[in-house]
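Heads up: the protein sequence lines correspond to chains A and B, in order. Counting the first sequence from 1 gives a position; our numbering is that position plus 18. Once you know that position 89 of the second sequence is 69 in our numbering, the rest is easy, because the numbers rise by one and skip nothing.
By construction, these hints were calculated from the structure, which means they are not laboratory data. One should not assume that every hint holds.
As the list claims (entries may be wrong) - Straight-line Cα separation of at most 20 angstroms, EDC-like style, residue types lysine to aspartate or glutamate; simulated pairs: (1) A:Lys23 <-> A:Glu47; (2) A:Lys46 <-> A:Glu201; (3) B:Lys42 <-> A:Glu47; (4) B:Lys11 <-> A:Glu76; (5) B:Lys42 <-> A:Asp86; (6) B:Lys11 <-> A:Asp37; (7) B:Lys46 <-> A:Glu39; (8) A:Lys113 <-> A:Glu201; (9) A:Lys27 <-> A:Glu140; (10) A:Lys116 <-> A:Glu201; (11) B:Lys46 <-> A:Glu47; (12) A:Lys144 <-> A:Asp86; (13) B:Lys46 <-> A:Glu41; (14) A:Lys27 <-> A:Asp115; (15) A:Lys23 <-> A:Asp37; (16) B:Lys11 <-> A:Glu79; (17) A:Lys113 <-> A:Glu163; (18) A:Lys113 <-> B:Asp44; (19) A:Lys137 <-> A:Asp86; (20) A:Lys46 <-> A:Glu56; (21) A:Lys46 <-> B:Glu77.
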Amino acid sequence: MSTGKLDKKNGEFAHHFNDAEHEYVSSKEGVWIFLTSEILMFGALFVGYFIYSNLYPEVFEVGSQSTDWRLGFTNTIVLLASSLTMALGIYYCQKNDKKKAVMNLAATVVCGAIFMIVKYFEYSHKIHEGWLPGQWFHGDTQGIENLPLYFSFYFMMTGLHGIHVLAGMGLVTWVAIRANRGEFGPHYYTPVEGVGLFWHLIDLIWIFLFPLLYLV
Amino acid sequence: MAEHHVIPFSTYIKVFSALIGLTFLTVLTAKGMDLSPFNGAVAFIIAACKAGLVMAIFMHLKYDAKSNSMIIFGSFGFVMLLFIFCVLDIYTRIPVESTL
């Protein structure tokens, strides 16, 4: 039994799998199961948002006026573009084109950074106005007693999403470095696929957050 | 490892264009038209279409093992269960001052 690092690019696989395909399918299924835990976590926040916005419609109506849909729209386009470049990163691994794969993965990280910069401007505006969650709220309540409730949801949902974007940027950087070392090819790109699924999930959550926080 | 189904480049571009188009549509319907009380429903139906496209093509679910689709749709089912039971609880409560 070999003790060195497995040469997965050339078909080697961990000994507890039947073959390399089995290892690929199992790894991917593991990522999907992890994504379900993410959906359940964000799902609880969405359910909470729906119920509270129904119980206190005036809080959410006034609260949502604090968001600028143009910034949310920009971020939606940026994240959709990053999803495309992520998918193309995997596509070029499958096509064995290292240079284009690395370029697309790098573009994904850049889009993530643009998203976070826009988020920074949105957050600093809200912090400046005192529109903060719960007890930290010190802005104008505009006569609505429970207005801080909206900002509890806003900061919790976008904050948790933002942490995922940062984590995703780290992971995409990691696979981009490995791709640049030539570790992936048409027969082995499991880490790129797994990180890709995570990145698309971040996009998926934003697809629902955008209408919820900026439009409705 | 065997070669997998490679989705053509043109499909990725078409899906991306559709996603951008749907984003414009959602802004147009929410900001340009007054569809109340269906504003929320329209925005979320469009979001669900976008999510479907991302999952089917970008996340390769369309060409993937069916078990992965089952896993992810199972999680949506559990979120719906959470929603249904919370709604049943909250909207069937009788206020303490009720004369019922």
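Now the hints, each set against the structure:
no.	hint	in the structure
1	A:Lys23 <-> A:Glu47	violated, 23 angstroms
2	A:Lys46 <-> A:Glu201	holds, 18 angstroms
3	B:Lys42 <-> A:Glu47	holds, 15 angstroms
4	B:Lys11 <-> A:Glu76	holds, 19 angstroms
5	B:Lys42 <-> A:Asp86	violated, 35 angstroms
6	B:Lys11 <-> A:Asp37	violated, 53 angstroms
7	B:Lys46 <-> A:Glu39	holds, 16 angstroms
8	A:Lys113 <-> A:Glu201	holds, 14 angstroms
9	A:Lys27 <-> A:Glu140	violated, 43 angstroms
10	A:Lys116 <-> A:Glu201	holds, 9 angstroms
11	B:Lys46 <-> A:Glu47	holds, 11 angstroms
12	A:Lys144 <-> A:Asp86	holds, 11 angstroms
13	B:Lys46 <-> A:Glu41	holds, 17 angstroms
14	A:Lys27 <-> A:Asp115	holds, 14 angstroms
15	A:Lys23 <-> A:Asp37	holds, 17 angstroms
16	B:Lys11 <-> A:Glu79	holds, 14 angstroms
17	A:Lys113 <-> A:Glu163	violated, 58 angstroms
18	A:Lys113 <-> B:Asp44	holds, 18 angstroms
19	A:Lys137 <-> A:Asp86	holds, 11 angstroms
20	A:Lys46 <-> A:Glu56	holds, 15 angstroms
21	A:Lys46 <-> B:Glu77	violated, 54 angstroms
Hint compliance for this structure: hints 1, 5, 6, 9, 17, 21 are not met, and every other hint is.
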